[in-house]
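What follows is the residue order along each chain.
Protein chains: 2
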Amino acid sequence: MINHIAEKFRAPAHLQLKDSDASLRVFISQNENKAEAKAADKLSTLALAEKISDYQNILYGQKQHKLLIILQGMDTSGKDGTIRGVFGQINPLGAHTVAFAAPNTLELAHDYLWRVHQKVPAKGELVIFNRSHYEDVLITQVRGWIDQAECERRLAHIRDFERILSETGTVILKFFLHISKDEQKQRLEERLSDPDKNWKFDPSDLIDRQHWDEFQTAYSEVMMATDSQHAPWYIIPANSKTQRNLAIAHIVAEKLESMKLAYPPANPELSKIKVL
Amino acid sequence: MINHIAEKFRAPAHLQLKDSDASLRVFISQNENKAEAKAADKLSTLALAEKISDYQNILYGQKQHKLLIILQGMDTSGKDGTIRGVFGQINPLGAHTVAFAAPNTLELAHDYLWRVHQKVPAKGELVIFNRSHYEDVLITQVRGWIDQAECERRLAHIRDFERILSETGTVILKFFLHISKDEQKQRLEERLSDPDKNWKFDPSDLIDRQHWDEFQTAYSEVMMATDSQHAPWYIIPANSKTQRNLAIAHIVAEKLESMKLAYPPANPELSKIKVL
Numbered sequence: 001m002i003n004h005i006a007e008k009f010r011a012p013a014h015l016q017l018k019d020s021d022a023s024l025r026v027f028i029s030q031n032e033n034k035a036e037a038k039a040a041d042k043l044s045t046l047a048l049a050e051k052i053s054d055y056q057n058i059l060y061g062q063k064q065h066k067l068l069i070i071l072q073g074m075d076t077s078g079k080d081g082t083i084r085g086v087f088g089q090i091n092p093l094g095a096h097t098v099a100f101a102a103p104n105t106l107e108l109a110h111d112y113l114w115r116v117h118q119k120v121p122a123k124g125e126l127v128i129f130n131r132s133h134y135e136d137v138l139i140t141q142v143r144g145w146i147d148q149a150e151c152e153r154r155l156a157h158i159r160d161f162e163r164i165l166s167e168t169g170t171v172i173l174k175f176f177l178h179i180s181k182d183e184q185k186q187r188l189e190e191r192l193s194d195p196d197k198n199w200k201f202d203p204s205d206l207i208d209r210q211h212w213d214e215f216q217t218a219y220s221e222v223m224m225a226t227d228s229q230h231a232p233w234y235i236i237p238a239n240s241k242t243q244r245n246l247a248i249a250h251i252v253a254e255k256l257e258s259m260k261l262a263y264p265p266a267n268p269e270l271s272k273i274k275v276l
Numbered sequence: 001m002i003n004h005i006a007e008k009f010r011a012p013a014h015l016q017l018k019d020s021d022a023s024l025r026v027f028i029s030q031n032e033n034k035a036e037a038k039a040a041d042k043l044s045t046l047a048l049a050e051k052i053s054d055y056q057n058i059l060y061g062q063k064q065h066k067l068l069i070i071l072q073g074m075d076t077s078g079k080d081g082t083i084r085g086v087f088g089q090i091n092p093l094g095a096h097t098v099a100f101a102a103p104n105t106l107e108l109a110h111d112y113l114w115r116v117h118q119k120v121p122a123k124g125e126l127v128i129f130n131r132s133h134y135e136d137v138l139i140t141q142v143r144g145w146i147d148q149a150e151c152e153r154r155l156a157h158i159r160d161f162e163r164i165l166s167e168t169g170t171v172i173l174k175f176f177l178h179i180s181k182d183e184q185k186q187r188l189e190e191r192l193s194d195p196d197k198n199w200k201f202d203p204s205d206l207i208d209r210q211h212w213d214e215f216q217t218a219y220s221e222v223m224m225a226t227d228s229q230h231a232p233w234y235i236i237p238a239n240s241k242t243q244r245n246l247a248i249a250h251i252v253a254e255k256l257e258s259m260k261l262a263y264p265p266a267n268p269e270l271s272k273i274k275v276l
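Protein chains in written order, with UniProt numbering: chain A, 1 to 276; chain B, 1 to 276.
Be aware that one or more of the hints could be misleading.
What the hints assert, rightly or not - Derived lysine to any residue pairs resembling SDA-like cross-links, with alpha carbons at most 20 Å apart:
#1 K119/B with L106/A
#2 K123/A with K255/A
#3 K34/B with L46/B
#4 K119/A with A109/B
As the list claims (entries may be wrong) - The following label-pair restraints were derived from C-beta to C-beta distances:
#5 L108/B with T105/A: 29 to 35 Å
#6 A13/B with R84/A: 52 to 58 Å
#7 Q210/A with L108/B: 44 to 50 Å
#8 L206/B with W145/A: 53 to 59 Å
Hints were generated in silico from the structure; no laboratory data involved.
If you're wondering where the values come from, they're calculated on a predicted model, not measured in any experiment.
Note that beta-carbon positions come from the ideal geometry of N, C-alpha and C, so glycine has one too.
Looking at chain A on its own, in the form it has when it is part of the complex:
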């Protein structure tokens, strides 16, 4: 049973994102009414989010395991929404999100993994990366800031880095939120037209959009080069926000379940203590 659902989303050995359906609905509702199906997805996700929160409490109490969750995807693919929807129930004690924006001067003066390594989870922590070191082989490659040889070197670094993290006790889950170009168009238009969403619109998103196909190819190659048993990639069809959250919640909950978390054994002395 364990990781039963995760396997459905695991990146295949030969990945071509352009042939992968971003609208795929993996979780079929009995309900044919669209709004009701959506509501059902949300309820299921909430139940899983609460389960994730319970597990994370044990993770924090046990202080043995480290869980790193990496979210990647094109602009508007729903990284922020995933964090709210799937991890919104979590106790912030021992859990946090790190958003990697364009590197600052100090970060640029170091190797590109320097700022990333600083932010990996400690024992007992669950950390979510909103973007990550994968930007250093994606936008950099598509915009031509690094050449093919440098990209290959970095892919090797990333494999080494994630193996080091894994072998020193970090469980890693990597999610690609897969939306279609049409879906992005709608979402960007919403950011432009809805005053409450204006602040999320960044004109440079349009430049990346012009390179849509190159990004899809780059993502496909990067994920194939960095997928492993200890740091697997999951391709999440993300045109539907509720299906996206439900998929990620399932995969995270399954992984936490498989980690056989347990609160540390109670100190036997506790039973002798009288609170006066």
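Using the hints, position chain B against chain A.
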């Protein structure tokens, strides 16, 4: 000419520290009087230290290169003395030393390279590690805190980590300060008898001393496993403090010379500026 002296100290492919003479005097003075020979060593070292300081100024102005110097050795082998003697002339702007003591609680909650990666040099910096990630495969191994399999895993991590640093622009030099067991005895006794040196005496040094041979073997194996063109080990006979400093000063100066450092080209606009 370049790296001419460094090659004399480079760790051999088959290294057995127990057969390596810690009293070897590589730099022969014309002067037969011991005190005068020592003074000559010191003068030569000072000249090189000034050269290193000049190079480091350019390194700092150019902000392109990163230089990482790792000092390892048994207790009393002279790591602090090397820093004073070889790097004492350096402008602290852009150069600093990091001493890695036993890890604290936060550091222990992360992988053992976490605290180390944070301290690597930025562009334009020269950083000296007084002890380093090598402790995580030395004392840990000798004291039996990690088993052989974990030690092998860590040696692979360290090779990967140093290759990542190197491929992202860090020049790495690693020095083992090689003293004999007799020499350590004298130096520890001095720490016990000289009130000005009492503070440096740590009773746990005596435990490591009891494991002298195991440390020599562990060091030999660890250095063979982690020596590479991009992160070479130098074995410095260190029973003589002046010879030790002279050797390290030569190697560092040679490396800096080979880096072909240059101040960034002056802005042509400068010539048009009038200071009124």
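### Query
Hint numbers the structure violates, sorted upward?
Structure breaks no hint.
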